[in-house]
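Asks: Sequence:
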Amino acid sequence: MPGLTDVVSVADGRFTTAAVRADGTVWTYGTDIKGSLGQGAAERRYVAMPRQVPGVDDARAVYAVGPTFFVVRRDGTVWAWGDDRFLVDAGKRDGHAGVTRPRAVPGVKDVVSVAPGPLNAFTVRSDGRVQGWGVNLTQVLGESNGTRLTTIDGVRGVVDVAPAGGAVVAARADGLVCAWGNNAHGLLGVEPRGGQTGRPVHVTGLTGV
Numbered sequence: 001m002p003g004l005t006d007v008v009s010v011a012d013g014r015f016t017t018a019a020v021r022a023d024g025t026v027w028t029y030g031t032d033i034k035g036s037l038g039q040g041a042a043e044r045r046y047v048a049m050p051r052q053v054p055g056v057d058d059a060r061a062v063y064a065v066g067p068t069f070f071v072v073r074r075d076g077t078v079w080a081w082g083d084d085r086f087l088v089d090a091g092k093r094d095g096h097a098g099v100t101r102p103r104a105v106p107g108v109k110d111v112v113s114v115a116p117g118p119l120n121a122f123t124v125r126s127d128g129r130v131q132g133w134g135v136n137l138t139q140v141l142g143e144s145n146g147t148r149l150t151t152i153d154g155v156r157g158v159v160d161v162a163p164a165g166g167a168v169v170a171a172r173a174d175g176l177v178c179a180w181g182n183n184a185h186g187l188l189g190v191e192p193r194g195g196q197t198g199r200p201v202h203v204t205g206l207t208g209v
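Under the UniProt record's numbering, the residue at position 116 of the sequence shown is numbered 116, and the numbers go up by one with no gaps.
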């Protein structure tokens, strides 16, 4: 892509692409979906060449949930913008307007990485805990009944996390793997298959991960 060099992270938001350069700046191009370019405009338009997203100059990585983008900054906070105010506001239901400029996701801090789900997002914190927010089908947000930011009980020492078909799988520092959510197809690695749980269970047979 002309105009983009030294890229360290990239995210595909369907019709919009975002990239982080080594200097911490964030650049976007493509079709603006309710502010997904992060340029302060909400009207639908197409931008062919990358433009810098104002307000963020210390990004480590960028992630996307559809045309909503999240960047992890060097201080461990997560900033977001795009078409889904619900996700930008950490699961608070407050209208459907997009967010056209980056702003801090409330309550999210000490973040190492973000794992985007289909309609939700999860973070791994520096203390090894997992937090999540968004649509809570199949208990992917643990034993919480809501949509707002929550810490997943029953799992610590996490180094990586990934949504997986209605479940969430987490790798721990001790090499074990935990999972929670939908077990309809044995995604949790436990028998009997079926049902769902908001409490993380150990995936049998996986060690040294």
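Among the hints, erroneous ones may be present.
Unchecked claim - Derived Cβ-Cβ restraints for the label pairs, each shown as a range:
(1) 202 - 46: 43 to 53 Å
(2) 22 - 92: 44 to 54 Å
(3) 146 - 76: 35 to 45 Å
(4) 195 - 8: 15 to 25 Å
(5) 107 - 207: 12 to 22 Å
(6) 101 - 146: 37 to 47 Å
(7) 101 - 135: 33 to 43 Å
(8) 51 - 176: 40 to 50 Å
(9) 44 - 209: 14 to 24 Å
Calculated directly from the structure, the hints in this document are not laboratory data. We treat Cβ as the ideally placed atom computed from N, Cα and C, and that holds for glycine.
Asks: Now, for every hint given, state plainly whether the structure supports it.
Replies: Now the hints, each set against the structure:
1. At about 48 Å, the beta-carbon gap between residue 202 and residue 46 stays in the expected band of 43 to 53 Å.
2. Taking 44 to 54 Å as the suggested C-beta distance range, the pair residue 22 and residue 92 does not conform, at roughly 34 Å.
3. A beta carbon spacing of about 24 Å between residue 146 and residue 76 contradicts the range 35 to 45 Å that was offered as a hint.
4. Range check, residue 195 to residue 8: Cβ separation about 41 Å, and the 15 to 25 Å hint is violated.
5. At about 34 Å, the CB distance of residue 107 to residue 207 disagrees with the hint of 12 to 22 Å.
6. The hint said 37 to 47 Å for the Cβ distance between residue 101 and residue 146, and at roughly 27 Å that hint is violated.
7. Hint check: residue 101 to residue 135, Cβ distance near 24 Å, so the stated range 33 to 43 Å is violated.
8. Distance hint for residue 51 and residue 176: a CB-CB separation of about 44 Å, consistent with the stated range 40 to 50 Å.
9. Take residue 44 and residue 209: their Cβ atoms lie about 43 Å apart, and the range 14 to 24 Å is violated.
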